[in-house]
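In the order they appear, the protein sequences are chains A and B.
In terms of this note's numbering, the numbers along the first sequence are unbroken and rise by one, the last being 409.
In terms of this note's numbering, the numbers along the second sequence are unbroken and rise by one, the last being 600.
Think of the hints as simulated: they come from the structure by calculation, not from any bench.
Check the hints yourself; a few may be wrong.
Unchecked claim - Pairs of lysine to any residue, SDA-like flavour, derived with a Cα cap of 25 Å:
1) Lys144/A with Leu157/A
2) Lys560/B with Ala598/B
3) Lys144/A with Glu13/B
4) Lys144/A with Gln596/B
5) Lys144/A with Phe92/A
6) Lys560/B with Gln596/B
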Amino acid sequence: MTARGTSELVGEGQTLGVALLLSLLGIAVIYSAGQVDIPTTPDRYWVRQAIWLALSLGAFLAIRRVSLGLLQWVAPWLYAISVLLLVFVLVFGVGPGGSWIELGVGRFQPSELAKMATVLMLAKTVTRREARRAGDRRLSRYAKPTLTAGIPTVLVLLQPDLGSAMIFPLLLLAALYWTGAHPLHILWISSPMVGLVAGATWWIWGIWFGVVLLSFRLGPVRPFLSEGVAVLIANAATGAATIPLWNSLRPYQQDRLLVFLDPQRDPRGAGWNLIQSQVAIGSGGAFGQGYAAGPQKRLAFLPERHTDFVFSVVGEELGFVGVAVFLFLFWLLLRRLLRISAVAGDSFGGVAVFCLLAALTAHAVVNIGMTIGLFPVTGLPLPFVSYGGSFLLFTFAALAVAQRTAAEA
Amino acid sequence: MVVAVNGRMSERERSQRLTGAEVALAVLFGGLTVAFFSIQIGETGEFSVLASENRVRAVAIPAARGLLLDRHGRVMADNTPTYVISSQPGPLQEFSQALGQLREPLGLSEARVAALVRERADRPFQVIVVLAGATFEQMAHIEERRPRFPNLRVDLLHRRTYPLGAAAAHVVGYLGEITEEELADPAFAGYVPGQLLGRNGLEARYERRLVGRDGVRYVEVNTLGAVVRELPGTVEAMPGQDLHLSIDMDLQQLAHSAFPRDYAGGVVGLDPRTGEVLVSYSSPTFDTNLMVGGVPQDIWDGLLQDSQRPLLDRVVAGAYPPGSTFKPIVAAIAMRAGAADPGTEFDHACAGGLPLGNRYFRCWDSSGHGRMNLVSALVESCNVYFYQLGQALGLEALLQGAAGLALNGVTGVDLPFEQPGNFPLSTAEFDQMYGERGWNPTVAEWNLSIGQGENTQSVLSMAQLYASLATGRPAPEPRLTRLAGAGDPPRTSGRDLGLIPEQRAALIGALVDAVNHPDGTAYEHRLDRWEMAGKTGTAQNPAGEPHSWFVGFAPARDPKIVVAALVEHGHPEGETHLSVPLAARIVEEYLTSMEQMAAR
Chain A
1 MTARGTSELV GEGQTLGVAL LLSLLGIAVI YSAGQVDIPT TPDRYWVRQA
51 IWLALSLGAF LAIRRVSLGL LQWVAPWLYA ISVLLLVFVL VFGVGPGGSW
101 IELGVGRFQP SELAKMATVL MLAKTVTRRE ARRAGDRRLS RYAKPTLTAG
151 IPTVLVLLQP DLGSAMIFPL LLLAALYWTG AHPLHILWIS SPMVGLVAGA
201 TWWIWGIWFG VVLLSFRLGP VRPFLSEGVA VLIANAATGA ATIPLWNSLR
251 PYQQDRLLVF LDPQRDPRGA GWNLIQSQVA IGSGGAFGQG YAAGPQKRLA
301 FLPERHTDFV FSVVGEELGF VGVAVFLFLF WLLLRRLLRI SAVAGDSFGG
351 VAVFCLLAAL TAHAVVNIGM TIGLFPVTGL PLPFVSYGGS FLLFTFAALA
401 VAQRTAAEA
Chain B
1 MVVAVNGRMS ERERSQRLTG AEVALAVLFG GLTVAFFSIQ IGETGEFSVL
51 ASENRVRAVA IPAARGLLLD RHGRVMADNT PTYVISSQPG PLQEFSQALG
101 QLREPLGLSE ARVAALVRER ADRPFQVIVV LAGATFEQMA HIEERRPRFP
151 NLRVDLLHRR TYPLGAAAAH VVGYLGEITE EELADPAFAG YVPGQLLGRN
201 GLEARYERRL VGRDGVRYVE VNTLGAVVRE LPGTVEAMPG QDLHLSIDMD
251 LQQLAHSAFP RDYAGGVVGL DPRTGEVLVS YSSPTFDTNL MVGGVPQDIW
301 DGLLQDSQRP LLDRVVAGAY PPGSTFKPIV AAIAMRAGAA DPGTEFDHAC
351 AGGLPLGNRY FRCWDSSGHG RMNLVSALVE SCNVYFYQLG QALGLEALLQ
401 GAAGLALNGV TGVDLPFEQP GNFPLSTAEF DQMYGERGWN PTVAEWNLSI
451 GQGENTQSVL SMAQLYASLA TGRPAPEPRL TRLAGAGDPP RTSGRDLGLI
501 PEQRAALIGA LVDAVNHPDG TAYEHRLDRW EMAGKTGTAQ NPAGEPHSWF
551 VGFAPARDPK IVVAALVEHG HPEGETHLSV PLAARIVEEY LTSMEQMAAR
């Protein structure tokens, strides 16, 4: 092992240390989330989460040994399998939203596997030689990456799991950003996604369409005619799909989005959750109500205490100090991942780690932000803390890929 | 090591995108820190007050349940304002003190107070009801002393009341509290614990339509529990839809008062043209007003343990051998199969019975009816004639005819808990029941021909069969509601006697004579002003005296009402049928009221 490798091993200790600390704190919070004063069924979530943590550590150690070359080779296969599983879950899915596969011993959410597979596949396609030929101004060289992210987006959207579906376009943007795509290229590729949102109101969509059209003429880079037309057609298509897609959402999902726009809309349902979460966090003050002692949580005012709103328990019981510690630990870990991708540059590993970093950041920021109403309640779990095995596995697998990249860089 | 070379990216660009990412991370996490700081340090006071006193309360605005209206728009199920006094979570001592002061004004017994205190101790975090159905004075007593009772709440609620009460118990049904199993059932999404829902009759059958949707308003309350201000976000309640019934309240009331006292049974009247149920009454009955929102345990136990089973709706779920009221059906099946026509006579004149092997099958009139044809045998209800008719028809043909009329099916009425009739559809069923050698086809055939044997029907089922006879068309499905637009045709059932006009006319003629001819079995209760067609029935049963049946319709040539009445054990040996005067009064009352309405 080279001297550099040794220094990275020290780094690995730090990464794993922070991750373990967050996971153990997470189990403690999940335990606390189960401590309520109303009679409920015996609550063993924290035990199950501990078992998942042990499994995740095993996965970390195993994946840590897999070379980037092998990962790159296995990426298409993994991607194909996860797409098949996403199709499978659409037909045979169980659990809330039908997004789990029953394994007999437990449930498994294929969208988490798809996140990892898509990251590896994206990293592979954007670092291909033809995707980065010098002086290539063609937009079409991003077609493969766009398709790579697009397929799981649509499949997960059909479940429908809006929160997870959002992650795949984000992975694409992260990959493009990290490989130095021109900002206007990124704009054009992502414009159909914006069109999808803007399509709710025809004149807003019209303005957006005009902006895209103008950027063709006024920007420093210009698309080829056929590419420009393709972008416009894609915008028109997604704009037209907005209303049917909205109607296909389950009422509770529509509620969540509308409540984000107007929290008073459904104060007893989704709005009530947000109000109770804010009251819990606000009443935590600087030092909190004490571990396992939060009255809002104890009286079961807090909804989804183990998953979506697990951070509200942190806010209520550990106060701003506890919140700041969690935020600092997350920042420390994410920044460490950024360092690794910076060292690895725009190689396969560097792009993969940057995409994983983007995904973890999105999960953490959106989940924490939604407890105080900064983001809509999308059901994205909080890394290391929210109860849920598939996602914990994904998180530790991501760390393993990062560590491997650090070691090979 | 993979060294990627991107010709277009300079070192400067690389460090720019790294810096960009660093800044993004810093902004996101810095922003979150600031946001949490402002909530947890800046506004913590306000939130702490909200949390510790739980000052925001969601108050449900109950949706008014749809009313049940009779065919003339009179209310059969109403919402009456009433006050409910409940206890919010709070200190146990304060609660027992409050109860001590309120014991007299609220009229609570010592035992009730003790039970409430125990409940409060057992369920410290739930709202418990102290007194449902409090008066205005009791409400005022608490509100005037508000500060003394911070954790007591008084809500104005609407209590379901049933003006007809026991007279329409089975048809209207009642409300009961939703169970935990139902709450877990996705079919009851949107229901909340403690909510009342239809438990029987139309209240249950049309729950979805009646229930409406609760609204909610948000209020900030002070430490005394009094509302200090309304918060925005009110969602108005959506009231349930009213249900327009085909029931005639007067007729229903009449059925209740005219039903023979202390007898069990049921009576139903329907319009044979549309299937609209005009009256449907089952005896014994119970007062639905006592049932709403928690029936006292002793009353409930009494209803469940009563050997007369008052909760059973005998009109749709009773299973009775139809006796002689089934003879016109057998006659119709025989005529349709070509086994007989109205004038057919058989070898044996009635001498009070007919031997079969070493058994002797009796006619009800032991002195004998003499020579009979199909019409006179129906008028006088001669069993001996029908034994021979059954034999001429043959068991297979009889079972086939019964299958064509779906005699083992339901009427399709819009009430819950309807029970299908029993009738074997093939000889294989007899083999199953008794073993291949365990039964005699001739005995089975003779018994079925006079409405005994392996045949039980509900009261409504018999009314539906006669509706087909009355109109000469497939019988409509009975309906208690008039939901559809006036132009919608009634839904027809598969029950169609399918007679040609001459056969039907002869059959109706026989039933007219059965009521209006001095030899007829129902002559005593003929109507003065209308020609009623009908058939009495005496159903032998192992439980005691025979049941008394009457099924008929009027006016015979232009039927406006079919009525079926059954009185359990209502035809004691040597006495008159108790079902006939009941049915006759209902028909008379209905036709009279129709006449009056037409005159107006």
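A quick look at each hint next to the structure:
Simply put, Lys144/A and Leu157/A have alpha-carbon atoms about 20 Å apart, close enough for the 25 Å limit, and the pair holds. At most 25 Å may separate the alpha-carbon atoms for a hinted pair to count; Lys560/B and Ala598/B meet this at roughly 14 Å. Note on Lys144/A and Glu13/B: the hinted pairing holds, with a Cα-Cα distance of about 24 Å set against a maximum of 25 Å. As the CA atoms of Lys144/A and Gln596/B are separated by approximately 84 Å, the hinted pair breaks the 25 Å bound.
A threshold of 25 Å between alpha carbons decides the hint, and for Lys144/A with Phe92/A the separation of about 29 Å lies outside it, so the pair is violated. At most 25 Å may separate the alpha-carbon atoms for a hinted pair to count; Lys560/B and Gln596/B meet this at roughly 15 Å.
The earlier numbered hints that this structure contradicts are 4 and 5.
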